[in-house]
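Q: Protein chains in written order, with the numbering used here: chain A, 1 to 153; chain B, 1 to 499.
Incorrect hints may have been included.
Below, computed lysine-lysine pairings styled on DSSO-like, alpha-carbon distance capped at 27 Å [said to hold, decoys possible]:
| hint | chain 1 | residue 1 | chain 2 | residue 2 |
| --- | --- | --- | --- | --- |
| 1 | A | Lys142 | B | Lys270 |
| 2 | B | Lys335 | A | Lys143 |
| 3 | B | Lys2 | B | Lys119 |
| 4 | B | Lys270 | B | Lys204 |
| 5 | A | Lys107 | B | Lys414 |
| 6 | A | Lys67 | B | Lys119 |
| 7 | B | Lys204 | B | Lys335 |
| 8 | A | Lys142 | B | Lys335 |
| 9 | A | Lys143 | B | Lys75 |
| 10 | B | Lys489 | A | Lys47 |
| 11 | B | Lys489 | B | Lys379 |
No wet-lab data here; the hints were simulated from the structure.
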Amino acid sequence: MTQFVVDDLTAQLEQFRGNNYAVLQALQTTQEMIGFVPDSALDVVAKVCNVSRAEVYGVFTFYSDFKNTAPAKCIVKVCVAEACQANGSRELVDELHNQGFDVHTAKQNGNVQMEQTFCLGNCALGPAALINGQPIARATAKKLIEKANEVAR
Amino acid sequence: MKVFVPADSSALSLGANEVANAFEGTDAQVIRTGSRGMFWLEPLVEVETPAGRVGYANVEPADIPALLDNKLTQKSIGLVTDYDWLKKQNRVTFARVGVIDPLSVADYEAHGGLVGLRKALALTSEQIVEEVTQSGLRGRGGAGFPAGIKWNTVLGAQADQKYICCNADEGDSGTFADRMLMEGDPLTLVEGMIIAGIAVGATKGLIYCRSEYPHAIDVLNKAIKNAYAAGVLGASVCGSHFAFDLEVRSGAGSYVCGEETAMLESLEGKRGMIRPKPPIPALSGLYGKPTVINNVMTLSAVPMILADGAAAYQGLGVERSRGTQVFQLAGNIAKGGIVETAFGITLGELVDGFGGGTNSGRPIKTVQVGGPLGAYLDKSAWDVPMAYESLAAAGGMLGHGGVVVFDDTVNMAKQARFAMEFCAEESCGKCTPCRIGSTRGVEVIDKIVAGEDQAENLLLLEDLCEVMTDGSLCAMGGLTPLPVRSALKLYPADFGIRS
């Protein structure tokens, strides 16, 4: 991070100054601002919240939402939990894998990143997905890839 | 002409926004609502008529001109309130979902909102707690603990600050009632939390909502802002001397944070690790202060209980399961959605009666009731009344009221393996049975399926399940064996077991 970004982030996190209960919120604010949590941001959060870097790192690694590298332009979350399995999400995941999208490793493919998630609360219209926050019902590999490419363009 | 178009996530996933946009430039006044919870009909557009609201199912943007000309008869389902599927239900908590504008305090009040709160303001703390106790309301998050007893503990605790924490970390697959209520009628939850605050002497509330629900978080924040502006929240609740502040916190992708003590850790900004109990959160909860932790459905039942009286709520249901349960029909089901009805309806009535069987048209093989930690059941459980005790007696668990249907193509060994995989993925790591047991569980199931030393490995799996059940700190590790054991018991052939 440049000094400029560090200063900007510190200003954004000012509301959490000295509040050691605000580590999670500070990390969420960081990710909202930068798009991910760069390694050096952990130091900023630690300093602002007055906790050790190790504590911040512990929180950062516990929650699956946090990313340590810049995310793709388009994030597709594919539900792999039971209700969607009942509607063919296992087959969907295999098909996406064949098309170059591995939801388990969430490896980037061009401007698109597909990742697994456990339940999006759209359990009667599965397989469910979210494309950059937009809910998708009855997902198929074709539908997801087409829409993702549209969004990523 | 007034038209109602749902903005619920499920409706959005079927193109409700595109439908709403198609009204632009017409004379129609579009009001965005929640969903009625009949997903196979979404996007379900409702048009106001002198007789009531007429529904049009599976509306597409191209249908709008015909709809405005009153010519879309082939998609009409008639008066929505007369629609049989809805008419057979008893919507108490969900009375306003899909009906009102979720962000409008005025609309909320016009449909019976704030009546419970105003009654509560005229009662003493003890009287409110007594009312909730008498109603028989039990925790809808899964554990079924009597709400009144919990509230009474917090009321009796001495502290300079107490908290109301709403658990909106609805992570169980096959459940979406919390999400739908937060998106469709968030002010009911707000009202329930304020009443809880007045009852136990808490002036601050937090809603912990999972990050997988971005629309729910957005609606909640807007509704709370409007509630402040209307004087429902803030230094003087509805002009009274009670203060109540409310804020929404987002989770960050962790299933175990739906466990109440892990949720508290997360609210305190830490890793979502389970806290051993005691002390119970009612005495030492958020920041070590006495805290009421209730699920969205529990708190949202409270306004109606206060408004209509404990007896009305207590009059519904069976045995020790009183009131209504918001069942969620999910998975491979023809008519999925929300069925709110008194406890005691049978599993078969829900799945075949309301659900109409599978969506694929194939025969049902199994249903999982109560989320990922609930048991798999087959048709022999069709006559079991859906209630806490009767379901437990049948080897199942009511949980959050989700019912996930699978057709005959499902392989139950894969489902059992997934239960262990999921536990390994989401375990907080605090206790050994859950942290290690789940990974070992995956390995042992793989060996059984591969036919490797089957008898010994079955014994090992049973032993492992026993250790996890009895030795885990919370329900995550403690209940993971439930789907595993039930799948194994009912469908041994899927595991390659030769009988």
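Q: For every hint, state whether the structure bears it out.
A: Each hint tested on the structure:
About 40 Å separates the Cα atoms of Lys142 of chain A and Lys270 of chain B, which puts this hinted pair outside 27 Å; it is violated. In summary, the hint linking Lys335 of chain B to Lys143 of chain A is supported, as the alpha carbons are separated by about 23 Å, within the 27 Å threshold. Between the alpha carbons of Lys2 of chain B and Lys119 of chain B the distance comes to roughly 33 Å, so the proposed pair goes past 27 Å and is violated. A hinted pair counts as satisfied when its Cα atoms are at most 27 Å apart, and Lys270 of chain B with Lys204 of chain B qualifies at roughly 20 Å.
Proximity of Lys107 of chain A to Lys414 of chain B is assessed by CA-CA distance (about 25 Å); at most 27 Å being required, the pair is judged to hold. For the hint pairing Lys67 of chain A with Lys119 of chain B, the CA-to-CA distance comes to about 48 Å; that exceeds 27 Å, so the pair is violated. Distance check on the hinted pair: Lys204 of chain B and Lys335 of chain B sit about 40 Å apart at the alpha-carbon level, beyond 27 Å; violated. Taken as a hint, the Lys142 of chain A and Lys335 of chain B pair is honoured in the structure, with Cα atoms around 25 Å apart against an allowance of 27 Å.
About 26 Å separates the Cα atoms of Lys143 of chain A and Lys75 of chain B, which keeps this hinted pair within 27 Å; it holds. Taken as a hint, the Lys489 of chain B and Lys47 of chain A pair is broken in the structure, with Cα atoms around 54 Å apart against an allowance of 27 Å. Of the pairs offered as hints, the one joining Lys489 of chain B and Lys379 of chain B holds, with about 14 Å between alpha carbons and a cut-off of 27 Å not exceeded.
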